[in-house]
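Peer 1: All chains should be built: construct the whole structure from the sequences, respecting the hints.
Given next are the chains, with one letter for each unit.
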Amino acid sequence: EAGVAQSPRYKIIEKRQSVAFWCNPISGHATLYWYQQILGQGPKLLIQFQNNGVVDDSQLPKDRFSAERLKGVDSTLKIQPAKLEDSAVYLCASSLDGGLAGEQFFGPGTRLTVL
Amino acid sequence: GNSVTQMEGPVTLSEEAFLTINCTYTATGYPSLFWYVQYPGEGLQLLLKATKADDKGSNKGFEATYRKETTSFHLEKGSVQVSDSAVYFCALYNNNDMRFGAGTRLTVKP
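From first to last, the protein sequence lines stand for chains A and B.
Residue 1140 is where the first sequence starts when you use our numbering, and the numbers rise one by one after that.
Residue 7 is where the second sequence starts when you use our numbering, and the numbers rise one by one after that.
These are computed hints drawn from the structure, not numbers from a lab.
Treat each hint with caution, since some may be false.
To be verified - Below, a list of computed lysine-lysine pairs in the DSS-like style, where the Cα atoms sit at most 25 Å apart:
1. K74/B - K1183/A
2. K66/B - K115/B
3. K1183/A - K1154/A
4. K58/B - K1183/A
5. K1154/A - K1210/A
Peer 2: Right, dumping it as structure tokens:
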């Protein structure tokens, strides 16, 4: 079974530029999550989708971050414009049921450096 | 709100030593609790979980018991191996909210 795919693996941009990350979850997984992991910290949930609807985006900085999952499968996360403090690893995860005890499967992440 | 506090690292142990990594949580209601592990160069993966009070999660010789009275989910292993060297994250899931601790880096020396 293929795992969660993410691209690109690394990205370096200047502040105020835009950037987009792509995620393809495990086939059949209804729930998709985007996390931000700053160096030395645990992952922070940004947004959770159930199929193509948003379940929770309370920690997403909506003035600059946006995410979509148009056909309930793959997803993109965009930052526009980027700030220095956005430097982090962006993790995508998926789960089969997204429920109370649903195991989340994580992708390898995209490491973003904002200069 | 929901939060997780885990023991700060790094932790360095000799092979076959006993491991404890402390984790406490704050949540309303009845969260599910998890330990995730990140081996060098790899992505996060689930190590074990517990979904209700007094449940014990176990995997690969690791164990953790969901203690509601002390709001804790400490990770233990009786005899660590060099291959257990990794970063360990305690996490909770409650009302569509997933929270991770800051992670504890474990290094096991031969």
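Peer 1: Work down the list of hints and note, for each, if the structure agrees.
Peer 2: Status of the hints after comparison with the structure:
1. K74/B - K1183/A: holds, 24 Å
2. K66/B - K115/B: Holds - the C-alpha atoms of K115/B and K66/B are around 19 Å apart, at most 25 Å.
3. K1183/A - K1154/A: Status holds; Cα separation ~22 Å.
4. K58/B - K1183/A: With a Cα-Cα distance of about 23 Å, the restraint between K58/B and K1183/A holds, given a limit of 25 Å.
5. K1154/A - K1210/A: violated, 31 Å
The structure fails to meet hint 5 from the earlier list, while all remaining hints are met.
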